[in-house]
Amino acid sequence: MTAPPQTMKAFVIEKPGVGAVKDHPTPQIAPDEVLVKVEYAASNPTDFKHLDIEGAGLPGTVLGLDFCGTVVSAGAQVSSLKAGDRVASAVHGGKFSDKGSYAQYLKVAADMCWKVPESVPGDSAATFGTAYITAAQCLFHHQGNAFPPAKRPGNDWFLVQGGSSSVGLFAVQLAKLIGYKVIATSSPHSFDLVKSYGADAVVDYHDVAEAVAQIKQVTGEGSPARSTEIAERRANVKVERIILYTVFGYAFDFLPGIHLPHKPEDNAWFKDFVKHSNELMGKYGIKGNPTRVREGLQQVPANLSDLREGKVSGTKLVIKV
Numbered sequence: 001m002t003a004p005p006q007t008m009k010a011f012v013i014e015k016p017g018v019g020a021v022k023d024h025p026t027p028q029i030a031p032d033e034v035l036v037k038v039e040y041a042a043s044n045p046t047d048f049k050h051l052d053i054e055g056a057g058l059p060g061t062v063l064g065l066d067f068c069g070t071v072v073s074a075g076a077q078v079s080s081l082k083a084g085d086r087v088a089s090a091v092h093g094g095k096f097s098d099k100g101s102y103a104q105y106l107k108v109a110a111d112m113c114w115k116v117p118e119s120v121p122g123d124s125a126a127t128f129g130t131a132y133i134t135a136a137q138c139l140f141h142h143q144g145n146a147f148p149p150a151k152r153p154g155n156d157w158f159l160v161q162g163g164s165s166s167v168g169l170f171a172v173q174l175a176k177l178i179g180y181k182v183i184a185t186s187s188p189h190s191f192d193l194v195k196s197y198g199a200d201a202v203v204d205y206h207d208v209a210e211a212v213a214q215i216k217q218v219t220g221e222g223s224p225a226r227s228t229e230i231a232e233r234r235a236n237v238k239v240e241r242i243i244l245y246t247v248f249g250y251a252f253d254f255l256p257g258i259h260l261p262h263k264p265e266d267n268a269w270f271k272d273f274v275k276h277s278n279e280l281m282g283k284y285g286i287k288g289n290p291t292r293v294r295e296g297l298q299q300v301p302a303n304l305s306d307l308r309e310g311k312v313s314g315t316k317l318v319i320k321v
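Read left to right, the sequence shown gives residues 1 to 321 (this note's numbering).
Derived from the structure by calculation, the hints contain no laboratory data.
Given the structure is predicted, the values throughout are model-derived calculations rather than measurements.
Virtual Cβ for every residue (Gly too), placed ideally from N, Cα, C.
Watch out, some of these pointers could steer you wrong.
Derived DSS-like pairs (lysine-lysine); straight-line CA-CA distance at most 27 Å [claimed, not checked]:
no. : residue 1 : residue 2
1   : Lys195    : Lys283
2   : Lys115    : Lys9
3   : Lys311    : Lys49
4   : Lys176    : Lys275
5   : Lys263    : Lys311
For each label pair, taking beta carbons as the anchor points, the in silico distance ranges come out as [stated by the list, open to error]:
no. : residue 1 : residue 2 : range
6   : His189    : Val293    : 20 to 28 Å
7   : Lys151    : Arg308    : 35 to 43 Å
8   : Val212    : Pro301    : 21 to 29 Å
9   : Ile242    : His206    : 38 to 46 Å
10  : Ala83     : Pro117    : 17 to 25 Å
11  : Lys320    : Ala150    : 31 to 39 Å
12  : Pro188    : Lys82     : 44 to 52 Å
13  : Val293    : Gly154    : 35 to 43 Å
14  : Gln217    : Ala76     : 36 to 44 Å
Can you make the complete structure from the sequences, with help from the hints?
So this is what it looks like as structure tokens:
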């Protein structure tokens, strides 16, 4: 495989609210990392927040988290991946100069990305990043469910609030896979989409009282066993806060004055989860989000604008790099 160039094109943060596609140094990998030629990068609301909010993203860093691409080189300590392997995952875009996904190349630890099944298109594979990992954090890491083929006992309901969101569509599928019955909320225009991803029932969230009544009617008296996306603060509801970035294995300043410590248990869980992801995508058929693809890094601002203005529903915006 041809050696990568010394410089690449990347969407780089210049100052709060301002970024541009520019020439940027191609990442240099450590012994435990791989260099990935990015083919597709999926967009998330956190991208425009890292760009817009002072201190969230850092000047000189590459924006973007989710990616699918091809390994072009592997560090000396890497045995699990080789040049030519197609991989996917997420990186902490907006904090580092060599890890953002809105770039021709990025570097990532070999044990924090996974091989993509041949049957999965690249644009779909790129959606298996932030939302997929977040849904899995909830279901497997924080709630203690075992990975397939294990099934949970009983016949509990699982509530997914925001079922047509990126996280919601993955949560619906993963919850069904491990044995829950799933009820989700969404706008009526997304009912068919959410059901096509496996939800047993979907209710309109706009009228809260009516939504609660319908949920109780479907699930029986009482409430569903678990929920994700949104949880109302009530005495009988345990609220756990999770954030994707703690799985990457380091402490960092999330925002000025907000420091998130290193959580080794989150990183250890993520490395274990990575080992299951090829099978979850292939054997178990977990589907990526529906996509709308724009071509070229110069389209990153258009994706960010659509997300910022709330124009995206039931689909994932993806950049073909």
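Hint check:
Using a Cα cut-off of 27 Å, the hinted pair Lys195 and Lys283 holds, with the two alpha carbons roughly 21 Å apart. Between Lys115 and Lys9 the CA atoms are separated by roughly 25 Å; this keeps the pair inside 27 Å, and the hint holds. Pair hint Lys311 plus Lys49 holds up; C-alpha atoms about 16 Å apart against a cutoff of 27 Å. Between the alpha carbons of Lys176 and Lys275 the distance comes to roughly 20 Å, so the proposed pair stays at or under 27 Å and holds.
This hinted pair does not check out: Lys263 and Lys311 have alpha carbons roughly 35 Å apart, beyond 27 Å. For the pair His189 and Val293, the beta carbons lie near 22 Å from each other, so the given range of 20 to 28 Å is met. For the pair Lys151 and Arg308, the supplied restraint of 35 to 43 Å holds, since their beta-carbon distance comes to about 41 Å. At roughly 40 Å, the beta-carbon separation of Val212 and Pro301 lies outside the given 21 to 29 Å, and the hint is violated.
Distance hint check: the CB atoms of Ile242 and His206 are about 26 Å apart, inconsistent with the given range 38 to 46 Å. Look at Ala83 against Pro117: about 19 Å separates their beta carbons, and that is inside 17 to 25 Å. Checking the proposed 31 to 39 Å range against Lys320 and Ala150 shows it holds: the Cβ atoms sit about 37 Å from each other. A C-beta distance of roughly 48 Å is found between Pro188 and Lys82, which places it inside the suggested range of 44 to 52 Å.
Here the CB-CB span from Val293 to Gly154 is close to 41 Å, well matched to the stated 35 to 43 Å. In this structure the supplied range 36 to 44 Å is violated for Gln217 paired with Ala76, their Cβ-Cβ distance being about 60 Å.
The earlier numbered hints that this structure contradicts are 5, 8, 9, 14.
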